[in-house]
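Turn these sequences into a full structure, and let the hints steer you where they fit.
Chains as they are written, first to last, in my numbering: chain A, 1 to 346; chain B, 1 to 346; chain C, 1 to 346; chain D, 1 to 346.
Derived from the structure by calculation, the hints contain no laboratory data.
Incorrect hints may appear among the rest.
Any copy will do: because identical chains look the same in the list, a pair fits if it lies in one copy or spans two.
Said to hold, decoys possible - No farther apart than 16 angstroms at their CA atoms in a straight line, the calculated lysine to aspartate or glutamate pairs in the EDC-like style are these: (1) K276 with E53; (2) K204 with D299; (3) K204 with E277; (4) K264 with E132; (5) K114 with E269; (6) K139 with E58; (7) K3 with E121; (8) K3 with E28; (9) K83 with E62.
There are 4 protein chains.
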Amino acid sequence: MIKAGIIGATGYAGSELVRILTNHPKTEIAVITSQSYKGQNYGSVYENFRHTEKICEEENIEEMSKVCDVIFLALPHGVASKKVTEKILNNTKIIDLGADFRLRDSDIYEKWYKTSHEAKEILPETVYGLCEINRDKIKNKRIIANPGCYTTCSILSLYPLVKEKLIDINSIIIDAKSGVTGAGRGISLGTHFDEVNESVKAYKIASHRHTPEIEEQLSIAAGEKIVLSFTPHLIPMNRGILATCYASLNSSYSYGDIKSAYEKYYKNEYFVRLTKEGVFPETKWVKGSNFCDIGFTVDSRTNRVIVTGAIDNLFKGAAGQAVQNMNILFDIDEKTGIEQPPVFPI
Amino acid sequence: MIKAGIIGATGYAGSELVRILTNHPKTEIAVITSQSYKGQNYGSVYENFRHTEKICEEENIEEMSKVCDVIFLALPHGVASKKVTEKILNNTKIIDLGADFRLRDSDIYEKWYKTSHEAKEILPETVYGLCEINRDKIKNKRIIANPGCYTTCSILSLYPLVKEKLIDINSIIIDAKSGVTGAGRGISLGTHFDEVNESVKAYKIASHRHTPEIEEQLSIAAGEKIVLSFTPHLIPMNRGILATCYASLNSSYSYGDIKSAYEKYYKNEYFVRLTKEGVFPETKWVKGSNFCDIGFTVDSRTNRVIVTGAIDNLFKGAAGQAVQNMNILFDIDEKTGIEQPPVFPI
Amino acid sequence: MIKAGIIGATGYAGSELVRILTNHPKTEIAVITSQSYKGQNYGSVYENFRHTEKICEEENIEEMSKVCDVIFLALPHGVASKKVTEKILNNTKIIDLGADFRLRDSDIYEKWYKTSHEAKEILPETVYGLCEINRDKIKNKRIIANPGCYTTCSILSLYPLVKEKLIDINSIIIDAKSGVTGAGRGISLGTHFDEVNESVKAYKIASHRHTPEIEEQLSIAAGEKIVLSFTPHLIPMNRGILATCYASLNSSYSYGDIKSAYEKYYKNEYFVRLTKEGVFPETKWVKGSNFCDIGFTVDSRTNRVIVTGAIDNLFKGAAGQAVQNMNILFDIDEKTGIEQPPVFPI
Amino acid sequence: MIKAGIIGATGYAGSELVRILTNHPKTEIAVITSQSYKGQNYGSVYENFRHTEKICEEENIEEMSKVCDVIFLALPHGVASKKVTEKILNNTKIIDLGADFRLRDSDIYEKWYKTSHEAKEILPETVYGLCEINRDKIKNKRIIANPGCYTTCSILSLYPLVKEKLIDINSIIIDAKSGVTGAGRGISLGTHFDEVNESVKAYKIASHRHTPEIEEQLSIAAGEKIVLSFTPHLIPMNRGILATCYASLNSSYSYGDIKSAYEKYYKNEYFVRLTKEGVFPETKWVKGSNFCDIGFTVDSRTNRVIVTGAIDNLFKGAAGQAVQNMNILFDIDEKTGIEQPPVFPI
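Written out as structure tokens, the structure reads:
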């Protein structure tokens, strides 16, 4: 059994990790920690775990690294980079669900996150844990940067088009819609029920921190620098992300041409499901699962391709992909514990 | 592996069965049928199953009974009773999710359902499959009547009080609240999004068909005839039932007195979770699970006990309990395939 | 024009008052105050008022009383009673949307609100402003206690039955369901979107502070002391209250008997709408209006009457009724500014 | 008093018209018709009108034209064009809320609507009733084509940029989000509560019928042909449209440059509210009103402008704008009956 520790287990991503690992046949949760609820029974913080006994401990990553085979970090940005050290990495694997190790370029990190990066020496050995793209690079790493929710959905949706040079890389626009769990469990007027319910808004237009992450990964795929527009929206629902992506085609490609590109990269990917022509992804079809559904339309009137991708932001967009990364790291079947079909209607 | 057939697999209860059995380690889905979608790929009807290949067949229960160890019926009332015959019961086990075999008294069935009962000869051998109450009677049966959603929640909430004669059986009032999946997938103005969303209503006041089912089972527990008030309400959410139950206490019992009664019956029941004093069940804490959460308050001002019970109507209130019944029938661990913690937030 | 002041204009009830009074043809808003947002433009706090210029002032009730014909107080309990003095009442009319002046019996207030009452000398001259019941008493008062939301709905639903002695007053149970605006605009985990959405729960069982208010008013109607059960529930929607009320009939009354009682009191009440037999109130049909819809069923099986009442908690349950009280106080048509039909679908 | 008739009063747009006109001080509803509910009391179809007496009549437009000063048509496309004749136009004004008279080019109509246009002779005299843009052309017309919901929001959001030639007209992308009332009251699996709730999807990608309407109007503004991308999305809420619009700037314009363009056209428009820099429209701030809120961001990284516009689809996007058109036609204050502030929270 893999012994897992979770630091920050009482946020939404952390709680989804607890849930997924509870169902995982080859993992045992050794330690969970919480700053806000230390000493409390996890089942009193998340009463879906009412039937269990599990105490939220005070975090001590060094001690945890001695008993855990892997430690998941579900922390605000700027915190993880201060905790991970060479010593810890010698003891255990780290899968960080936060932003600190996602960007290769620490200057870009510091510019978008408006804070200094505290672990630049570790950056070179981290890998961006988007499993379908970087599986081979993940295998032997000590530390994985688990991708963001919007980024997972956006990159998977656009990767084949960029990689195969089918689109004008200066024309990319991503209009993304997220459920409210993406904002976490911290209370604010912006997540107060009556302020969110029955309304839709764009936010952080042209300034959301997932933008450089998407750009960096797609630039790597393209082999040249990509700058794009990314606009997140808040949708009155709990879970789910839909990314609607627009790009101008480099030539008058047919539906079949584009389809071939997607199949080239995803045909054998269990967790990526291409929809049939004329069928578009809906977040309800991926809820509670690790799947990413992708569909696209070729619009000959504008010579654009419009791609829509859907994921569950807490599952494939956070905890599920973290477990997928763990499975790869420990060389067990990548689907272990996360292959369940989506839950509908829920 | 248990070979399972599902008749009526494209309703919400049927689809939840497909999902649960897909995750069940000791079952294999042999046949699924659908009247509305016969010949179609299940993954095009329920696109959460987009990654699978499973054809909705035309129903032929006799042929199915030859290849299936168990057949689940998820059909409108009045249909199941016409399909189940002695011959079929000799071949396979039947778990009926509909109403036809739930009431022992066929007169009451005919009165409330306004139709004649077509399988009165089979009624005597059926058992009411409320697992926590009737576990022992289920084991060797050929046919199980899986309880209704409101009834499961209501009976589990009141059973110990009735059984232990702590309450005035003429004073029982059940005010129940259900998510909209309880109404099924059939379209109607009453389930049109904008007609349901952002509103709450009572419906079928003093005339809902789950009333005689609750009365019959509680009467058995009491050893005398119980007549009660049951009022269902529609809540703008997908899943979940909360039953708020009121009854006058037969004496001035304390919280501890009542607690003892609940513990007597449920202390060792995995799927029944009693909440702590002052904590009340919420449907979110049981969503996507087979749990029934129960809490209660003793109100000394009115000498009443107020009990609230919460279940997931499609899981413990339908498909999950059906699988629990299957597990009992086939003598495997009752929790197999249905012991996952609830999913939150979703 | 009536000059109105609003103290506490940035809570939900206060903002609904601002909105209703903006549309009121015989009122002018003279002053609005807010503790949290003083000095700010109201249109930046409530952006539905983006097109207006209105500054949130610091509260000075004495100064306000010199320029306002009426002052509305939309404040937390315990605050209003410290502000209202004889001097102020000599200058202006007070309509208090809070709880401080609702209960005649200050001992009961102190017991349920767990604080001392600071204006006991004013209590005797206040009137409980449930317009349909106390209209005549309101006319010449200086201070009106505007009823609570749950209480308005519950009392209107039960009043004719109690007044006409049709029911056993020891058998009353009120099971109420409210949208989340009832909890106000203050943030908390309990009103965080993902914690409320897609779930239902009972709360403050047998201990909600609207209980003594309902009891006191119904006791006055009955001419004897009534103790009852009141259970509030939180529903995942913004607005609306549905009260489902149960009581045992004193005799085997028919539907027509009960109907006569309701018609006796409400036939000429514009804002009370009795539904037809077999039709039950739904909160969507009263949203954005001052109406209270009432329907009932006589259940001969249990000899109970089940009454459901529906209101918009922020309108008839707070700001709308406050304006109705103002209209009565200033002797203008009671419907002025609040007679619009409900808004549906919204 | 203006005597108004409404044909198709029992759809959502029709019912919103009934509601707005009921509150309108200079209008009297003379006749309402409904195909589905003829002979029934309107208050039994829309129970928010429970307190009124109004019968849904069988439609006879010729008779209506003799008694009505204006007739509103709220009908499926292809129906209105068969009803409007020269004779009728000689008797009364027509405001058509449907699509039949919106497109000047009947070839485009026939191509996108896949039906032949039955009133080509009337097309030349119709005017596209987007009040803020075409006010002067509306005044003396006999027939007004009331704009679509998506189109109202999209055109108002982009008009100043196109008119002032600030953007590359080949770069326009509109990503729109709508509440479910946009789909009307007709039942379907696609609007079944549990299928819509808690999910988001794009639909009719590159093929929605509002596309040519937006293109035609913006082409007129630009003085050259515009082809653009329009993608509608369904959001789990009742009302509201948010249009997120992207376009490349023709030069490196500043925020102030763009702002000047918007102010040039909208400074004196009561119903268009420009948000402050850094503040983005949200549909909740316009619900229940005729306002269109518009905000924008200049993204220097991509040299794009991102504009978001928000309206209430049933009000400014349908019935409210229809009444605005009526007010213009009858030369009364354009805001009469529709100037109320938005309702929040609701």
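Going down the list of hints, with the structure as the test:
no. : hint           : result
1   : K276 with E53  : between (45 angstroms within a copy, 14 angstroms between copies)
2   : K204 with D299 : between (29 angstroms within a copy, 12 angstroms between copies)
3   : K204 with E277 : between (33 angstroms within a copy, 12 angstroms between copies)
4   : K264 with E132 : within (12 angstroms within a copy, 50 angstroms between copies)
5   : K114 with E269 : neither (37 angstroms within a copy, 40 angstroms between copies)
6   : K139 with E58  : neither (30 angstroms within a copy, 47 angstroms between copies)
7   : K3 with E121   : neither (27 angstroms within a copy, 56 angstroms between copies)
8   : K3 with E28    : within (5 angstroms within a copy, 31 angstroms between copies)
9   : K83 with E62   : within (9 angstroms within a copy, 57 angstroms between copies)
The structure fails hints 5, 6 and 7 (numbered hints given earlier, in ascending order).
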